[in-house]
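Going down the list, the sequences are from chains A, B and C.
First residue of the first sequence? That's 1 in the numbering used here, and the numbers climb one at a time after it.
First residue of the second sequence? That's 434 in the numbering used here, and the numbers climb one at a time after it.
First residue of the third sequence? That's 867 in the numbering used here, and the numbers climb one at a time after it.
The hints are simulated quantities; they were obtained by calculation from the structure and are not laboratory data.
Please note: incorrect hints may appear among the correct ones.
Claimed, not checked - Taking CB as the label site, the calculated pair distances span:
1. A:Ala173 <-> B:Gln465: 19 to 27 Å
2. A:Thr248 <-> C:Val989: 19 to 27 Å
3. C:Asp1242 <-> B:Glu506: 53 to 61 Å
4. B:Lys862 <-> A:Ser351: 49 to 57 Å
What the hints assert, rightly or not - Computed cross-link-like contacts, SDA-like style, restricted to lysine to any residue with a CA-CA straight-line distance of at most 25 Å:
5. B:Lys816 <-> B:Gly553
6. B:Lys862 <-> A:Ser19
7. A:Lys429 <-> A:Gly16
8. C:Lys1295 <-> B:Ser452
9. B:Lys632 <-> B:Ala575
10. B:Lys630 <-> B:Gly553
11. A:Lys412 <-> C:Asn1015
12. B:Lys845 <-> A:Val146
13. A:Lys311 <-> A:Glu369
14. B:Lys823 <-> A:Ser116
15. A:Lys312 <-> A:Cys268
16. A:Lys412 <-> C:Gly1010
17. A:Lys412 <-> C:Arg900
18. C:Lys1022 <-> A:Gly36
19. C:Lys1295 <-> C:Pro1273
20. B:Lys589 <-> C:Lys1295
What the hints assert, rightly or not - Covered by chain B, according to a simulated footprint, are these stretches of chain A (three or more residues, beta-carbon under 8 Å):
21. 78 to 88
22. 124 to 132
23. 227 to 235
24. 422 to 428
Note that CB positions come from ideal geometry on N, CA and C, so glycine has one too.
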Amino acid sequence: MTSTVNKPATRGRLTGSMSEERLDEILALFEQRRLGYSLDAPFYTDRDIFAADMEGIFGKHWVFAGSLAEVPEPGDYITVDFGPYSLIVLHNDEGGVNVLHNVCRHRGARVLTESSGTTGNMVCGYHSWTYDQEGNLVHASAPGEVDFNKGCFALKRAHSRVVAGLIFVSMAAEPPEDFDEVAKIFEPYLGPHEISKTKVAYQQQLIEEGNWKLVMENNRECYHCDGHPELACSLFPTWGLTEETVPTHLADVWQRNLTAESDLRWRCERYGLPYEVIEELDTRVQGFRISREPLDGDGESFSASGRRLSKKLLGDLRDFRLGRCSMHLQPNSWFHFLGDHIITFSAFPVSPGQTLVRTTWLVADDAVEGVDYDLDELTHTWKQTNIQDKDFVELCQRGASSPAYEPGPYMKSEYQVEAFINWYVQRMKEHLA
Amino acid sequence: MTSTVNKPATRGRLTGSMSEERLDEILALFEQRRLGYSLDAPFYTDRDIFAADMEGIFGKHWVFAGSLAEVPEPGDYITVDFGPYSLIVLHNDEGGVNVLHNVCRHRGARVLTESSGTTGNMVCGYHSWTYDQEGNLVHASAPGEVDFNKGCFALKRAHSRVVAGLIFVSMAAEPPEDFDEVAKIFEPYLGPHEISKTKVAYQQQLIEEGNWKLVMENNRECYHCDGHPELACSLFPTWGLTEETVPTHLADVWQRNLTAESDLRWRCERYGLPYEVIEELDTRVQGFRISREPLDGDGESFSASGRRLSKKLLGDLRDFRLGRCSMHLQPNSWFHFLGDHIITFSAFPVSPGQTLVRTTWLVADDAVEGVDYDLDELTHTWKQTNIQDKDFVELCQRGASSPAYEPGPYMKSEYQVEAFINWYVQRMKEHLA
Amino acid sequence: MTSTVNKPATRGRLTGSMSEERLDEILALFEQRRLGYSLDAPFYTDRDIFAADMEGIFGKHWVFAGSLAEVPEPGDYITVDFGPYSLIVLHNDEGGVNVLHNVCRHRGARVLTESSGTTGNMVCGYHSWTYDQEGNLVHASAPGEVDFNKGCFALKRAHSRVVAGLIFVSMAAEPPEDFDEVAKIFEPYLGPHEISKTKVAYQQQLIEEGNWKLVMENNRECYHCDGHPELACSLFPTWGLTEETVPTHLADVWQRNLTAESDLRWRCERYGLPYEVIEELDTRVQGFRISREPLDGDGESFSASGRRLSKKLLGDLRDFRLGRCSMHLQPNSWFHFLGDHIITFSAFPVSPGQTLVRTTWLVADDAVEGVDYDLDELTHTWKQTNIQDKDFVELCQRGASSPAYEPGPYMKSEYQVEAFINWYVQRMKEHLA
């Protein structure tokens, strides 16, 4: 056996078949990264780097998996797949959430095969090995078997956190500790919208033919928002500008925005809702950004007029006109919390060139479809926006495969994209070092 | 040129592009295998190991390709593809079987493009190079060609054996010698069913999205047979139990089984048919298991009642109530020989995550469809069972790709699965050493 | 960082992730090539060799991209993709052709997404970066951006040449210089057909499931032309024979061919058209072959009778009976220029096992469909021939993946195939050395 068989302990299963030389090359690509510029092509196309990403980012960090609205009752579960992982996210009888690897400890079969459902004990369909909600193996009778120790074969568990109704999972043995600090920061923003009193109005699953990082880069800037005519009704077209740089033809809009901001601040202070921007996108392990910002028009929701899309206020809110409380989390999620509905977005890598984007619209659990909200109207703006974004991501993926591609410069208004890349590169360099 | 270009002679074309380091890693994985446990994930997913399997198992051992019932007349052929190989299996004019690589010696085109048919000389469709049944190049006229030596360009031949009407092929230069010993053992069991006097009633081809070894593991145990309600009518539900371990609620069934075994023995002795279990699954190069066992109910066939599914007895049998003579062969086949019909199963690897399972139902050649047998009834139990098995295999394949997968323990009733794995690991270690 | 990270300068992006050992192995395969025989299997199936081909052949040499008939007016463009490259071929306002990499310099998005069209400035759909016809970035306003230097971010340009209306592109920093010499040779043959006064009657795109070299090999010989019954009406069935080797049953045809050749020579001399064979397929960097040869029957076109398929003569030609002026160019194109129409063929590699073959029929720009030509009749022979060739290529691709495949001997009548292979091997050895 050669020395190469004993890979360093930091090398996981996904990168275990790569040679030392290859890993050195990949690390060198991270180290050669040019600040202020998009990544080199292999970061978007290379399958070894994808494997390293699955290990260093999705295998280590906190990943947004879904919300309590998707598993409202004890026994409710969703299965969540990203990269090579498959997880069961289960609402347990104590009201908490258990996250279990969806891999039977006998012969490795998927235990639960549906994307969502309700279950008591979980029975693997192959040989009926049966696990309780904690993943303990409670039944594995085989003909003639006498001294089999079930205690050694519980489903593997992943870590989980539920914050303001959002469910996060981590595959790491020791997940990043600063998540809890960050959770303390964003919980007061989101908590009043009370996800636990919402229901899923609609869920959209889009497979985008692009690397997961292109999906994330795309949603971190609004420089491309001319390509989103429906969304543009809600966002002030002065996005990215300052007092100094606003052109004269936008002076009126600028003023409208200032007024809306002032009005929003007044309301937030009246209701005790936090609204300041907090931004630590690349200055900590659990990078994030949160803010509450006004919407154009009536300022209530993502409709053309800005008017509410659901008649039922969320949680203990007392006003519809609260703009959007928007949060970005590294590595894979973003959110809009409004007075009338919530939208959660998650990006789940499938392969170097494919990403599943799951978007979920939540409304008050007592809102009645057709009465309190029209489903097409509720989902219109972001369904359209997502499809437009899918196109953008796919144009970039195809471009990255050309030998003529070289990293391009980020504009000032794309600093959040750059922050995402900074975060990613820093996390991976630490992982690979 | 570096020394690595001169690969050791044992390295074939399929593994020729792997580095020494990679081959060492693969060999180490074989050596680290934990006894009593399923294989590590890469054995089911890694394309290098798949290439090694194609070289060390399917390129060296005897592979079941089909039966004489599929090529009943001189000139009849089938083409058989597995892994990177494509073969012509031809019933020649002397009544034997020739196995030829289906690769024209001129420019490499497929010579025969249909899955079965009848042919005299074989003419490549590209430039009309023409081969006789032995593969000799008999015609290759080209404009202006004068001194071309046809003698050097016969189709390459593979080895073949026909035993009890079953056709086996080997790609090896020197195929394993103990096959002939094994053939002498199983021929008396199968011979009386006389495949040469049967015809194909139906052939099913299923692509299972799983590694070929998961397909083999699945068919080597009945611990999962609760998942086969149709098949369960035929098999005694005391499978895997012993006098000591049979639970009281199965005492009646146990007794019924003992009676059926006793009756079967009596019949076999009366007709001079062998019935003892012979099992050398991992104790020789040509691993195998053969036995004759009773079926539940009427004990004649795979119907819900156990009643015959074809009215014509096979060969020179004189009784329908002969249970099932079942054989397992390493690496890729299994069989059930009954009084009224025969079923042959072969697993042909396609890629690391795909396997073609070909199932063929044979009945007496004078049995008339719609009169002597109903095709849907004949094929019902195993069509259903195969589809259920496909699901099981696919659940395991998906599980094996998760980093959370780790080898699980085989139950006592899965000892034949373990024997398959033992055999596989031993064969591959010898191949790679 | 290990020394392997600093790859030699000759290593491009496509082969940059291969180890030195792997590149040595590939070079060794080139060096071990057996003269007079087809290539070893990996040349048709291996993805590393495909990457090397894209770098050493399609990234360095002159590639036929299309003709002026496809971009007749200023502002007209086609996008041309091969291997990892995507190009914009644009008829500029000065009447020339600009070839630009279709990769936005900002975030790498495809700039033009249609396969053809008309454009002024080119606007990337993502962030509206706007390029003029020369590729200069003329507009990249971003919110709040002040000191961004547009001058550094022009679209990358590729080299181009337009000869006799045919457009050639090269990705190389310094394209092969002898192309211009070759262009001087073939221009007098093709010029009189005046592509600039033609229009596209039809374009066929076929994805062939075969390596690009199999596509090229296939079109370099007519030994397989028995498989082209439609084309056989036009070609004399004495193809490849000589006075000495022509069989007696073809003596009449031989004589008919001689007469037709004599008649064609007479006409060419009368009209001042060159007709001699010039063949330097593997004796120079820009390998080529050109000739004018008679067609059977009426000698005018690719119809069953040999009669013209379009009533309008091309360019300043004065006679329909001019046979076919046929040209082969390394690495990816072939052409037939007739009195009544022109057919251009290009092979664009997609993956190791896939090639796009684009065939374009051109007629005089004042020819009216349904009046001067019937589109089905015009395209019948080569549509059928292309589909037959696709089958041949695919049979060979499947054959090459078998371990039983070994290089086969080229016949004398396949010397042009061998010349293509000689050229390819020589070019790649120089590239990899």
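Run the structure past the numbered hints and jot down the numbers of the failing ones, going up.
3, 4, 5, 9, 17, 20, 23, 24
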